[in-house]
Amino acid sequence: MPMAKHRRLFESVVQLLVRLCGYSAVLFVGVIFLFLLQEGLPALVQVPPASLLGPRWYPIESMYGLLPLLLGSFVVTIGAAIFSIPFGIATAVFIAEVAPRWMRELLKPFVEILAGLPSVVLGFLGFLVLAPLIRTWLNLPTGLTALTGSILLAAMALPTIVSVAEDALDAVPKSYRDGALALGATKWQTIWRVTLPSARSGVLTAVMLGLGRAIGETMAVMMVTGNAAQMRWDALFFPARTMTATIAAEMGEVASGSTHYHVLFLVAIILFLISFLVNIIASSMLFRAKKRAERMLS
Amino acid sequence: MRIPRALAQRIAFALLTAIMAVTVLAILTIITYIFWNGLPALSGEFLFSMPKDGMREGGIWPAIVGTLYLTIGTALIAVPIGLMAAIYLSEYAPDSTFTRAIRIAIVNLAGIPSVVYGLFGMALFVLFLSLGSSIIAACLTLAIMTLPVIISTAEEALRAVPQSFRVVSISMGGTRWQTIQRIVLPQALPGILTGVILGLERAAGETAPILFTGASFFLPHLPQSVFDETMALPYHLFVISTQVPGMPVRIQYGTALVLLIFVLAMNLIATLIRSYYRRRRQW
Amino acid sequence: MVSPVENPKFLVEKLSVQYRDGTESLRNISLQIPRNAITVLFGPAGGGKSTLLRTFNRLNDLVEGTRFSGKVLLDGEDILSPATDVVALRRRVGMVFAQPVPLPMTIRENMTYGLLLAGERRRRNLNRALEEGLQAAALWEEVKDRLDEPAHAISGGQQQRLCLARVLALQPEVILMDEPTSGLDPISTAKVEDSLQSIKKKYTIIIVPHSVQQAARLADWAGFFLQGELVEWGEGKNLFIAPKEKRTEDYVTGRFG
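Protein chains in written order, with my numbering: chain B, 1 to 298; chain X, 1 to 283; chain P, 1 to 257.
Bound-form chain B, shown alone:
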């Protein structure tokens, strides 16, 4: 069949194209980081570092203290963690270990639905329904608080935590469970003392990824946290400003090339680095756990 040469050329072209697309991911990460740096580093020059670390974020008066923003993101995320970690892990345990097969097939798509809910829709409900409720229940001046944001963020982080943790629990070899049961343990004892501990790193990864997502959330928090950049010890029950909401809210009104503009990019760099760190740690934990499992099962 006289096709060899033409086919060989085709194969090399395809291989080149496919390879370029494969490399593109690295290219995109690099380009994103570069652009952020290009627009964000000037802020370090234009604003004295002492000011950046100050407690007042008031761009109109050229005050660019990042601390209230960091605190805002931090408080909201920790609040989300308090709700989503127990709920998420419990749900994952239920789906992976307790629910019968038919229930699993129903629950998993259900959690996926939650994952698909746009953050603006949750923010909308939070603004219209949840915030007024919180105002009345907790007797606060306004329902637009960090707490409200935390609840919404917990809802958004939950599906991530559930699916990654569930994968981790699934990956625990059946022989571990069978062994424990054979030794006379009850199902719950097996889960609590054998399965969960051995899935420890996977569950930790799940939590990290979920919280990573929470820190990066924009719309839902922007709509319900009240957007007041302030620092107080009871921050949870008062309005706050996250880094993400700051960027989203102020970028539209900023003159391109102004100091404010550059500082917003600086905030974006911080967010990028945080998510970078979280994901590197999480993926190396997953990677190491997978290697350990492969060694044990081979």
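Quick caveat, the hints were computed from the structure, so don't treat them as lab data. From the three backbone atoms N, C-alpha and C, an ideal C-beta is built for every residue, glycine too. Treat the hints with caution; some may be incorrect.
What the hints assert, rightly or not - Pairwise CB distance ranges (calculated):
1) V226(X) / L17(B): 20 to 28 angstroms
2) T186(B) / R27(P): 51 to 59 angstroms
3) G246(X) / I82(B): 36 to 44 angstroms
4) E64(P) / R7(B): 20 to 28 angstroms
Please build the complex by placing chains X and P on the supplied structure of chain B, with the hints as guidance.
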């Protein structure tokens, strides 16, 4: 006081079930609430006509059209690149440090906050490349954001195809691409499709990436070219619920419902594809 | 120890194969494979038989980092040289694997797959190859009315014969078989072995058997492999009835294995 094991198990399981029930109930409540309040607003006029009186009346047709444009545009850019990247990772990539670097890059792209994408999109596409605030800038931004999801799920689908098929094909004189094109890709297609739809579902619902790259609130007519701005459902919902005084609640819920239906429909289609083809699999 | 074969199909000269992790699979092997006969490569696990088999169709290329030294001549040409067209080689040298691998398509599509890969489009040729291949594997009568059904719906024994028929459709010169009946029941095994006996006049068959008994049943020529070394090879009846090497005798009589 030592709790007997059987009792401890009953308590633990009851607690777990309760938590599960609360979660399920919460999700159901959210969805039902939006349907309940939004359904009355849905009418032919609401869905298919242009808005009037500063969005306080009339329809949201341009927002619906805008979201469709953005979703399709994102797909056209992200799917070819993402699929080829997945093919590279699954079928061609050697076991090297650079391949690991690619994977790390993908994980990172997946984790970048959507507002950072919006900022980057603005800096690169709108300003640097002078595309202006436009559909094309927004689609490019959304495409890069959707890329990691598509690559991950497509790669998983490709890897799931048994290696024995590839070995047999090669042993009969097939080249790598022939094997991919004739066996691996067709078998992986349902999984790839599911991943693409789920990725696009997310792109359709995102607001932050399009805030500064192409979305606009009040446009007098539908976009005429890819260089025009467009209205979009998520952005529209954001503005009418938080920025416009006197906006009828009915319209807000109606908009939220339309967006919700859009997203749920994609979810449903993806799930159906997945379960249908799982049963028909020939391996 | 080496009895010369006239006009061998394969001539292996001082072949060594080493994997990426350093383990050596074959050490300095030299032998000749006669044409139009069944040659059996047997021995305990890890002996290098499968590696040798996969060298004949360059399937070892799929394992990253495998290194070769020495020569393997097919009709006088070294197939290990970088200039070899491996795609054409694999059409001339077909392979049947230990587990039946029906491609996820209909029986008809399985049979025509190899030809379509090679660029053959004419319906007449495809159908002819399809029928001849299935006849040669003694499968035609059983599936001729089910050609458009999925291939995985037939029994395990039929699937394996389909794999053989699939290879035959390409009209190869050599058929490599790696423990082809290890997953089959005795009746299917017998059917496969009968097919081999009836087609061996047209093809050169090299088979790694899954038992010594199968080796003894099929071998016109045989080679005994132990831990990467070719201990002895020669005409089948000599090796099994009156082996020259003690190690061969010990294995054949079951003293180790």
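Hints, verified against the model:
no., hint, result
1, V226(X) / L17(B): 20 to 28 angstroms, "holds (24 angstroms)"
2, T186(B) / R27(P): 51 to 59 angstroms, "holds (56 angstroms)"
3, G246(X) / I82(B): 36 to 44 angstroms, "holds (37 angstroms)"
4, E64(P) / R7(B): 20 to 28 angstroms, "holds (23 angstroms)"
The structure is consistent with each of the numbered hints, conforming to all of them.
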